[in-house]
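With the hints as extra help, turn the sequences into a complete structure.
Numbering (this note's numbering), first residue to last: 132 to 646.
Heads up, none of these hints are tricks.
Computed spacing ranges between beta-carbons, pair by pair:
{"no.": "1", "residue 1": "V528", "residue 2": "G629", "range": "52 to 60 Å"}
{"no.": "2", "residue 1": "G469", "residue 2": "F159", "range": "16 to 24 Å"}
{"no.": "3", "residue 1": "V528", "residue 2": "L339", "range": "51 to 59 Å"}
{"no.": "4", "residue 1": "L142", "residue 2": "G186", "range": "29 to 37 Å"}
Rather than coming from a laboratory, the hints here were simulated on the basis of the structure.
We put the CB at the ideal spot given by N, CA and C, even for glycine.
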Amino acid sequence: MAEKNRSRLILRNAVSNYARQVAQILVFLLLTPYIVSKVGSEDFGLWSLIQAVVGLLGLVDMGFSTSVVKYVADARGRGDTERLGDLTATFFWQYAGLGAVLGVATLLLAPMVPGLLGVAAEDAAAARGVFLLIGLRAAQGLPLGLFAGILVGFQKQVVSNATRTLGTLSYGIAAWWALGVSPDIGTLAHASLWTGLGANLLAAALCLRNAPGVSLAPRRFRRGLLREISSFSLWFFLIQVSILLATRVDTIVVNAYLPLAAVALYAVAMRVAEQAATLCRQMVNSLTPMIAELKGAGEDRNVRAVLLKGSMLSVAGSTPVLLGLGLLAEPLLAAWMGEEYRSAAVPCQLLLAAAFVSIVHGNTENVLTMTGKQRFLALSQVGLQGLNLTLTLLLIVPLGLFGVALATLASTALVKVWVQWKTREHCGVEFGRFYAESVGPSLAGAVACAAVVVGGWRVLGAGSLPVVAALLASGCAAFAPAFWFAGLSAKDREYFGGKLRAAAARRRPAAEVAA
Numbered sequence: 132m133a134e135k136n137r138s139r140l141i142l143r144n145a146v147s148n149y150a151r152q153v154a155q156i157l158v159f160l161l162l163t164p165y166i167v168s169k170v171g172s173e174d175f176g177l178w179s180l181i182q183a184v185v186g187l188l189g190l191v192d193m194g195f196s197t198s199v200v201k202y203v204a205d206a207r208g209r210g211d212t213e214r215l216g217d218l219t220a221t222f223f224w225q226y227a228g229l230g231a232v233l234g235v236a237t238l239l240l241a242p243m244v245p246g247l248l249g250v251a252a253e254d255a256a257a258a259r260g261v262f263l264l265i266g267l268r269a270a271q272g273l274p275l276g277l278f279a280g281i282l283v284g285f286q287k288q289v290v291s292n293a294t295r296t297l298g299t300l301s302y303g304i305a306a307w308w309a310l311g312v313s314p315d316i317g318t319l320a321h322a323s324l325w326t327g328l329g330a331n332l333l334a335a336a337l338c339l340r341n342a343p344g345v346s347l348a349p350r351r352f353r354r355g356l357l358r359e360i361s362s363f364s365l366w367f368f369l370i371q372v373s374i375l376l377a378t379r380v381d382t383i384v385v386n387a388y389l390p391l392a393a394v395a396l397y398a399v400a401m402r403v404a405e406q407a408a409t410l411c412r413q414m415v416n417s418l419t420p421m422i423a424e425l426k427g428a429g430e431d432r433n434v435r436a437v438l439l440k441g442s443m444l445s446v447a448g449s450t451p452v453l454l455g456l457g458l459l460a461e462p463l464l465a466a467w468m469g470e471e472y473r474s475a476a477v478p479c480q481l482l483l484a485a486a487f488v489s490i491v492h493g494n495t496e497n498v499l500t501m502t503g504k505q506r507f508l509a510l511s512q513v514g515l516q517g518l519n520l521t522l523t524l525l526l527i528v529p530l531g532l533f534g535v536a537l538a539t540l541a542s543t544a545l546v547k548v549w550v551q552w553k554t555r556e557h558c559g560v561e562f563g564r565f566y567a568e569s570v571g572p573s574l575a576g577a578v579a580c581a582a583v584v585v586g587g588w589r590v591l592g593a594g595s596l597p598v599v600a601a602l603l604a605s606g607c608a609a610f611a612p613a614f615w616f617a618g619l620s621a622k623d624r625e626y627f628g629g630k631l632r633a634a635a636a637r638r639r640p641a642a643e644v645a646a
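If you want it as structure tokens, here you go:
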């Protein structure tokens, strides 16, 4: 693939990633209060609890979702269509088996769910029904969800994101309509099952049409290939488990040492940081298949270029959002959740800082993942969670929620920087150069963003969500010219400007170009 096409492809994929994430956030923000108003707080709590339990069963994926992107993109980079067909057939039938296991587990566990979750007798039937429907949705999502991953491996993230966005929007519309007719969580579960199935079937049809060489033939299932894939996937399973524990351990520790009200405060702070981090990681996510494809093609020089340029753009895209949210954390939480949540502002700021550290190093982890260092990355992730737990237990009593959030930031920073140092030779980028080229260009923009946000807050105040949103948007707008003119070198401005001009020229009608 020519370099000029790669830049355009990365931009297009990143934009589609951001669009999908924005759609998901909007549906979540609009639908959640509506669901609560229709089914009530207790049933909504039951719905959330069942989803969390089924989410644990989703670990049966065993890390294969990351393997799909890596191995498909690698095979494309090698130009090996025979291996590509064997890979996709092996993945499909492996996922079909895992989906069957999850489906059977759902059927067996459904009658026991009320007792296991301590559900009241009058809610037992609803709990069993919802668990069954959500479990079946997860089961069908294993084999059918494969096709979205294949599309990503083919660098067709726009198509994959379109199907996922359509699924999210159709679920939002279906849930809104269905709850108006029959306001109970069983109706919600049906909406989730059938819209999810429809989105997955659409992705399958588009994948088989747009991804040449894909095969689902049982005769092309390869046990040897499955062993090769499993040796990679199991390390990502370990990462998934450690991340799952990380999202729950802090809450459990807070509940053990502090009053229940502190759990709610910390949960809200975590939610803001998680949503912001997910949005800001979309540039990193768009580069994953590109790195795997370049590695498969033996283009190590271009892998280093994607690492540096991609890290710089990821940091630039996340800095104004995370910095702005950090500065506005107190008025944001008060306007959104109520005055009592102002005390969650400092923990939220520390968690946003931890999210920024993760995004800075996201492309390094991409390179390690796609170039054979997944074992080292998995073990470092486990070490990070162990360090986080240790620091949390040491700091929670003397410092409260501030100590819990500080433990997350400290452990994240220490481990991520250590990983960058240890893998500098493997990545082919010097330690100091990485930070100079990834973080350095955004410093001027960060100063401009902070000045506009803080200045605007002092002049306008920030007593409502629209004002907070306007201040955040103003900070992002101030960041852009400062980043471009003060942060980027003349060479980089020429490089990115050329890419933007080329992309704009390709979109003009032929007659306009000719004129």
